[in-house]
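Novice: Construct all of the structure, not just a fragment, from the sequences and the given hints.
Number of protein chains: 2
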Amino acid sequence: MAGRAELELALKGQGELVRKLKAEKAPEDQITEALAKLLELKAQLGTNDGKQLFVLKTPKGTRDYNPKQMAIREKVFSTIINCFKRHGAETIDTPVFELKETLTGKYGEDSKLIYDLKDQGGELLSLRYDLTVPFARYLAMNKITNIKRYHIAKVYRRDNPAMTRGRYREFYQCDFDIAGQYDPMIPDAECLKIVHEILSELQLGDFLIKVNDRRILDGMFEVCGVPADKFRIICSAVDKMDKMPWEEVKKEMVAEKGLSPDVADKIGEYVQLSGATELADELLQDDKLSQSKVALEGLADMKQLFEYLTFLGIKDRIVFDLSLARGLDYYTGVIYEAVLGPNQAITRMEQNEHCEPTGVGSVAAGGRYDGLVGMFDPKGRKVPCVGVSIGIERIFSMMEQKMETSDQKIRTTETQILVATAQKQLLEERMKLVAELWKYGIKAEITYKKNPKLLNQLQYCEETGIPLVAIIGEQELKDGVVKLRVVSTREEVDVARENLVEEIKKRTYTS
Amino acid sequence: MAGRAELELALKGQGELVRKLKAEKAPEDQITEALAKLLELKAQLGTNDGKQLFVLKTPKGTRDYNPKQMAIREKVFSTIINCFKRHGAETIDTPVFELKETLTGKYGEDSKLIYDLKDQGGELLSLRYDLTVPFARYLAMNKITNIKRYHIAKVYRRDNPAMTRGRYREFYQCDFDIAGQYDPMIPDAECLKIVHEILSELQLGDFLIKVNDRRILDGMFEVCGVPADKFRIICSAVDKMDKMPWEEVKKEMVAEKGLSPDVADKIGEYVQLSGATELADELLQDDKLSQSKVALEGLADMKQLFEYLTFLGIKDRIVFDLSLARGLDYYTGVIYEAVLGPNQAITRMEQNEHCEPTGVGSVAAGGRYDGLVGMFDPKGRKVPCVGVSIGIERIFSMMEQKMETSDQKIRTTETQILVATAQKQLLEERMKLVAELWKYGIKAEITYKKNPKLLNQLQYCEETGIPLVAIIGEQELKDGVVKLRVVSTREEVDVARENLVEEIKKRTYTS
Numbered sequence: 003m004a005g006r007a008e009l010e011l012a013l014k015g016q017g018e019l020v021r022k023l024k025a026e027k028a029p030e031d032q033i034t035e036a037l038a039k040l041l042e043l044k045a046q047l048g049t050n051d052g053k054q055l056f057v058l059k060t061p062k063g064t065r066d067y068n069p070k071q072m073a074i075r076e077k078v079f080s081t082i083i084n085c086f087k088r089h090g091a092e093t094i095d096t097p098v099f100e101l102k103e104t105l106t107g108k109y110g111e112d113s114k115l116i117y118d119l120k121d122q123g124g125e126l127l128s129l130r131y132d133l134t135v136p137f138a139r140y141l142a143m144n145k146i147t148n149i150k151r152y153h154i155a156k157v158y159r160r161d162n163p164a165m166t167r168g169r170y171r172e173f174y175q176c177d178f179d180i181a182g183q184y185d186p187m188i189p190d191a192e193c194l195k196i197v198h199e200i201l202s203e204l205q206l207g208d209f210l211i212k213v214n215d216r217r218i219l220d221g222m223f224e225v226c227g228v229p230a231d232k233f234r235i236i237c238s239a240v241d242k243m244d245k246m247p248w249e250e251v252k253k254e255m256v257a258e259k260g261l262s263p264d265v266a267d268k269i270g271e272y273v274q275l276s277g278a279t280e281l282a283d284e285l286l287q288d289d290k291l292s293q294s295k296v297a298l299e300g301l302a303d304m305k306q307l308f309e310y311l312t313f314l315g316i317k318d319r320i321v322f323d324l325s326l327a328r329g330l331d332y333y334t335g336v337i338y339e340a341v342l343g344p345n346q347a348i349t350r351m352e353q354n355e356h357c358e359p360t361g362v363g364s365v366a367a368g369g370r371y372d373g374l375v376g377m378f379d380p381k382g383r384k385v386p387c388v389g390v391s392i393g394i395e396r397i398f399s400m401m402e403q404k405m406e407t408s409d410q411k412i413r414t415t416e417t418q419i420l421v422a423t424a425q426k427q428l429l430e431e432r433m434k435l436v437a438e439l440w441k442y443g444i445k446a447e448i449t450y451k452k453n454p455k456l457l458n459q460l461q462y463c464e465e466t467g468i469p470l471v472a473i474i475g476e477q478e479l480k481d482g483v484v485k486l487r488v489v490s491t492r493e494e495v496d497v498a499r500e501n502l503v504e505e506i507k508k509r510t511y512t513s
Numbered sequence: 003m004a005g006r007a008e009l010e011l012a013l014k015g016q017g018e019l020v021r022k023l024k025a026e027k028a029p030e031d032q033i034t035e036a037l038a039k040l041l042e043l044k045a046q047l048g049t050n051d052g053k054q055l056f057v058l059k060t061p062k063g064t065r066d067y068n069p070k071q072m073a074i075r076e077k078v079f080s081t082i083i084n085c086f087k088r089h090g091a092e093t094i095d096t097p098v099f100e101l102k103e104t105l106t107g108k109y110g111e112d113s114k115l116i117y118d119l120k121d122q123g124g125e126l127l128s129l130r131y132d133l134t135v136p137f138a139r140y141l142a143m144n145k146i147t148n149i150k151r152y153h154i155a156k157v158y159r160r161d162n163p164a165m166t167r168g169r170y171r172e173f174y175q176c177d178f179d180i181a182g183q184y185d186p187m188i189p190d191a192e193c194l195k196i197v198h199e200i201l202s203e204l205q206l207g208d209f210l211i212k213v214n215d216r217r218i219l220d221g222m223f224e225v226c227g228v229p230a231d232k233f234r235i236i237c238s239a240v241d242k243m244d245k246m247p248w249e250e251v252k253k254e255m256v257a258e259k260g261l262s263p264d265v266a267d268k269i270g271e272y273v274q275l276s277g278a279t280e281l282a283d284e285l286l287q288d289d290k291l292s293q294s295k296v297a298l299e300g301l302a303d304m305k306q307l308f309e310y311l312t313f314l315g316i317k318d319r320i321v322f323d324l325s326l327a328r329g330l331d332y333y334t335g336v337i338y339e340a341v342l343g344p345n346q347a348i349t350r351m352e353q354n355e356h357c358e359p360t361g362v363g364s365v366a367a368g369g370r371y372d373g374l375v376g377m378f379d380p381k382g383r384k385v386p387c388v389g390v391s392i393g394i395e396r397i398f399s400m401m402e403q404k405m406e407t408s409d410q411k412i413r414t415t416e417t418q419i420l421v422a423t424a425q426k427q428l429l430e431e432r433m434k435l436v437a438e439l440w441k442y443g444i445k446a447e448i449t450y451k452k453n454p455k456l457l458n459q460l461q462y463c464e465e466t467g468i469p470l471v472a473i474i475g476e477q478e479l480k481d482g483v484v485k486l487r488v489v490s491t492r493e494e495v496d497v498a499r500e501n502l503v504e505e506i507k508k509r510t511y512t513s
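Chains A and B are the protein sequences, given in the same order.
When you number the first sequence by the numbering used here, it's gap-free, plus one each residue, and the end is 513.
When you number the second sequence by the numbering used here, it's gap-free, plus one each residue, and the end is 513.
The hints are simulated quantities; they were obtained by calculation from the structure and are not laboratory data.
By construction, the Cβ of each residue, glycine as well, lies at the ideal position given by its N, Cα and C atoms.
Among the hints, a few may not be true.
[Said to hold, decoys possible] Reference listing, derived: stretches of chain A covered by chain B, where coverage requires no fewer than 3 residues with Cβ under 8 Å from a Cβ of chain B:
1. 85-97
2. 132-146
3. 412-419
Specialist: Below is the structure:
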């Protein structure tokens, strides 16, 4: 550990840095990080009384959820779970860590972002990176050939956090997947329907779902003359078209990835196209593209998909976009991504905020992965799968901001009534009454003081939003009644003790 | 990596071991472990086609939850959460890992069971070991001085798993805690009330809640002449009295811990006592014990606690037991533990299964920890806390066994109706109808085939417990009706399309 003088010097330097960053109006994240470093240094300095000091923080890229945030989180989850259940999904859960080798070779370049556990003897483990690979492992391990399941759980990525924009190292994914050998595009269409329903119900404003197909991309690269070993890197360049103009993407392809300029230009003609069924029709007739068998398969399925989307009444929000090229290695067919904001299709160049390549901007994404389960099966037996993952953290951030700007007060408890008293020595009576209310399922509290002041008890109700107070005193006890007070109106009425439960239920029915 | 021949030899040896273990009727866990090793060896051998093989398993001590287990888990959680909410608790969440130093010095000897993350650059992290320390860190970090919160989440311990008995390395804890400066024993009594309510509602049979106080234990050790530096190790010896007779515990104290036999005998006189208020009264008069100030405080509070338990109507299931001595370092006052089974107080010697020292047997445990938050506060400010943790895994195991032995069929989806057809070429009509039902909140499915057989569709309903089928054909479409079929009775009735939603709701109201 560094000496005190050194640390003090470093501390001073950090202070300057913070001031500088602030003056430059650096992003909030940078300031937060600098402050964290400052605090850490301060803690290392210690205090004179020799007390051990801790850095009081959560790990980088993570956060606690306070009761208000939890209330929002539960609301969002309940909307999503209701939708999954409406579509007949079961749910499963898997451990937070997997054998390291289970994750190996599934994420391409992103593998470096996997959290490993320390080797403390025994198996080598890693924290799960998504819910798709554990799902495929689960199917193969239990020899399940068809299931429709959802899974809501946290996943872990050692990425650069951007917490103000809802990008964390520990974050929730809400996955819905359909596994099984079915007729083409029917489960795929249902996944898109689910995204449509969830984004509509959460009322996040305009959204657009972009659709493409891995086979169309591969066919396009093939007919444009991209060497087979460059498919993946050119694919990830195309993926950047939602945040860069084509000219820059082209530059990257040619200068960095070594593609010849005329091949890049050929790609450019395709990836700037977007539309719907008519575009699929057009491309099916396209001289070059129609030479690729896989592209034709992808285009025929795309046409079929749009027909089903029409039947399901959601065609208007979905666009066939040849520039959509999701990064993960395991996709084999249809891929999709939902983005928020008006007129995304037209103005997406300007929507930087919504269109980070790592998927911060997309609030839902997924696709078909017919080969993943086979990678786990000893005999390589395939189980076709298609699914979607709802990116909930960004939705939380938006809901939080919405709640903060509105005047709406969020209750963090559901307490219906506080059992209170104006007189001393009535703790016994309060305890007996509150126990009676609990017995009948009423959500009730008492304050944890022997002789609390009535004012403090009423104030507690105001603060926490408890709508009713049951006040008892010597007189009420003698008369066998309870004084029921409505906090908002201050109205008070005597209720016979045997009618109290009924009366509370009646008065709090809607809340 | 070992050569093929060597591995094959090892494989053979393992096979023998498995047979031997099975013949000896070894515990299921041992067999499972041996089988896992076998599979691992087999995977290392590889196959002739050069395909890479994975060990298809979850990490040691962990498990997946299948849809049936999830249905049980959700039922148990909902009972517990309802109880916490009935008592006015908010909820929070914290990250699955903490800075390593946050956990340091909180768990005594058990610290060796903490999972560390690999140092991949940046902060040193560990998986949370319980929810109490993260809670204390959260309070100190946010300067919260009073809160009543619950937290349901997974915690991690590198312990020896005994999965058939519900002991895992990844397991859920359901914690309820009250933080704040209140009058003595009022929040403590509510924690016991909560344990009582939850265990009663889950209908797990007889249970007993043992109560003691750290101060009574410390006072007892003091007056019996235990050297101060031996308090903790003698405490952990006392803790074994629920699975060993006193004579053996005494032997451990004398032979292993170096206590003089007459001091041990004095302890023996106390720790074999159990009772209720009258025992507290008796001990308050006890010549020796009354010389300890801390013991007197603990005993006075115990008397007070039993008074409150009487007011709350739960005195019958609670016993003041001087042998209860929970292991964790951070407890400062009342401690408690709930155990299942009839007449635990009398026959607990024989109840090995229920009384593992690491807390497998206890289905709920907790206590007061007034100093923990202060360990995180830079100025050492204390926030008194008391709480309880429900040990849910053992409860899951019991519920699963209960469900398996009963004939009760568990549904894993909530689907109300399947939209089906007996004729070909009606996928469009099925999609349009199911989308209409989803729009009105009906839980509905279609099968993912273009032209499914009616028999297969009906069979799907039988298997998954879907109660209703909406059958459409050319005739129904012409007449503007749907044939509604009740799966259980095979009754069929034509319902006008505009009344369908209403009819489904009416018929599935209770399910």
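Novice: So, for every hint listed, does it hold in this structure?
Specialist: A quick look at each hint next to the structure:
For the region 85-97 of chain A, the assignment as covered by chain B holds, since 11 residues bring a beta-carbon within under 8 Å of that chain's beta-carbons and 3 suffice. Here's how the region 132-146 of chain A fares: 5 of its residues keep a CB closer than 8 Å to some CB of chain B, so the rule of at least three is met and the hint holds. Taking a C-beta to C-beta cut-off of 8 Å, the region 412-419 of chain A contributes 4 residues in contact with chain B, enough for the three needed, and the coverage statement holds.
Consistency with the previously given hints is maintained throughout, with no hint failing.
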